[in-house]
Amino acid sequence: EAQVTQNPRYLITVTGKKLTVTCSQNMNHEYMSWYRQDPGLGLRQIYYSMNVEVTDKGDVPEGYKVSRKEKRNFPLILESPSPNQTSLYFCASSLSMIISTDTQYFGPGTRLTVL
Amino acid sequence: AQSVAQPEDQVNVAEGNPLTVKCTYSVSGNPYLFWYVQYPNRGLQFLLKYITGDNLVKGSYGFEAEFNKSQTSFHLKKPSALVSDSALYFCAVRTGGYQKVTFGIGTKLQVIP
Chain D
1 EAQVTQNPRY LITVTGKKLT VTCSQNMNHE YMSWYRQDPG LGLRQIYYSM NVEVTDKGDV
61 PEGYKVSRKE KRNFPLILES PSPNQTSLYF CASSLSMIIS TDTQYFGPGT RLTVL
Chain V
1 AQSVAQPEDQ VNVAEGNPLT VKCTYSVSGN PYLFWYVQYP NRGLQFLLKY ITGDNLVKGS
61 YGFEAEFNKS QTSFHLKKPS ALVSDSALYF CAVRTGGYQK VTFGIGTKLQ VIP
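Chains as they are written, first to last, in the working numbering: chain D, 1 to 115; chain V, 1 to 113.
Be aware that a few hints might be false.
What the hints assert, rightly or not - Think about it this way: if two alpha-carbon atoms lie no more than 25 Å apart in a straight line, the pair counts; the simulated PhoX-like pairs of lysine-lysine are: (1) V:K100 to D:K71; (2) V:K49 to V:K100; (3) V:K100 to D:K69; (4) V:K77 to V:K22; (5) D:K18 to D:K69; (6) D:K65 to V:K100; (7) V:K22 to V:K100; (8) D:K57 to V:K22.
Unchecked claim - Partner residues aside, some chain V positions facing chain D, computed with beta carbon under 8 Å: (9) V11; (10) V13; (11) Y39; (12) R42; (13) K100; (14) G106.
Claimed, not checked - Label-pair ranges, simulated between beta-carbon atoms: (15) V:E15 to D:L41: 29 to 37 Å; (16) D:E70 to V:I112: 43 to 51 Å; (17) D:T13 to V:P18: 40 to 48 Å; (18) D:N7 to V:N12: 32 to 40 Å.
What the hints contain is simulated information worked out from the structure, not anything from laboratory work. What you are looking at is a predicted structure, and each value in this text was computed from that prediction instead of being measured. From the three backbone atoms N, C-alpha and C, an ideal C-beta is built for every residue, glycine too.
With the rest of the complex left out, here is chain D:
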């Protein structure tokens, strides 16, 4: 089944404790992206990747890191989480960013709470 998977789905952690949220897609998609969803703010893009070893900042990259060493995986790293990073996080992928193939497929989300 074609899908985007994220792990963990739920995470409660404490300020400053490094964490990684994994994202994997099995559709051979080139483009992958991370979003955070907050009430009243909608979805905001954190980072995106056009292909392996090619990443770029979205609208809210501060406090986050990403890497794209393999096409299928795009982990989100919080090296020193803070309470303002408490949010619902979504990973998404699309075949490419060519207009005809830029429909994004979303993972189920990771609800992160930073105490």
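With the hints as your guide, set chain V onto chain D.
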């Protein structure tokens, strides 16, 4: 720069009535517009998108959207609402050659039986 506005936090409609969820956008260049839907505790799902051509775009689950260039709008519509349509709807925009996709804040649709 690109931006999307969804002016209504919530839309309530009676089952069987037509529904409209509003979206306006601002871009430099030609817009490529999307609607996504999010059911409770789920990720977003693609509904439809406008690239070029016919201003009326048909999508999944009986939804359609009308692109209006002069009003910079891309409103989502459905002729007859179902209770199962109750969800959070997001409008999104990008422009060609630009890899970022900008989402609106979402509109909660409540269909009342």
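Outcome of the hint check:
1. V:K100 to D:K71: Roughly 19 Å separates the two Cα atoms, so the pair holds.
2. V:K49 to V:K100: Between K49 of chain V and K100 of chain V the Cα gap is close to 16 Å, so the pair holds against 25 Å.
3. V:K100 to D:K69: 21 Å, holds
4. V:K77 to V:K22: 9 Å, holds
5. D:K18 to D:K69: 20 Å, holds
6. D:K65 to V:K100: Holds, because 17 Å separates the two Cα atoms, which is no more than 25 Å.
7. V:K22 to V:K100: Given pair K22 of chain V, K100 of chain V holds - Cα atoms ~22 Å apart, limit 25 Å.
8. D:K57 to V:K22: Between K57 of chain D and K22 of chain V the Cα gap is close to 29 Å, so the pair fails against 25 Å, i.e. violated.
9. V11: The hint is violated - V11 of chain V has no Cβ within 8 Å of chain D, the shortest such distance being about 16 Å.
10. V13: At 21 Å from the nearest chain D Cβ, V13 of chain V fails the 8 Å test, so the hint is violated.
11. Y39: 11 Å, violated
12. R42: Cβ of R42 of chain V sits 7 Å from chain D, so the hint holds.
13. K100: Status holds, d = 6 Å.
14. G106: Because about 5 Å separates G106 of chain V from the closest Cβ in chain D, which is inside the 8 Å limit, the hint holds.
15. V:E15 to D:L41: 29 to 37 Å: 30 Å, holds
16. D:E70 to V:I112: 43 to 51 Å: 47 Å, holds
17. D:T13 to V:P18: 40 to 48 Å: 46 Å, holds
18. D:N7 to V:N12: 32 to 40 Å: 36 Å, holds
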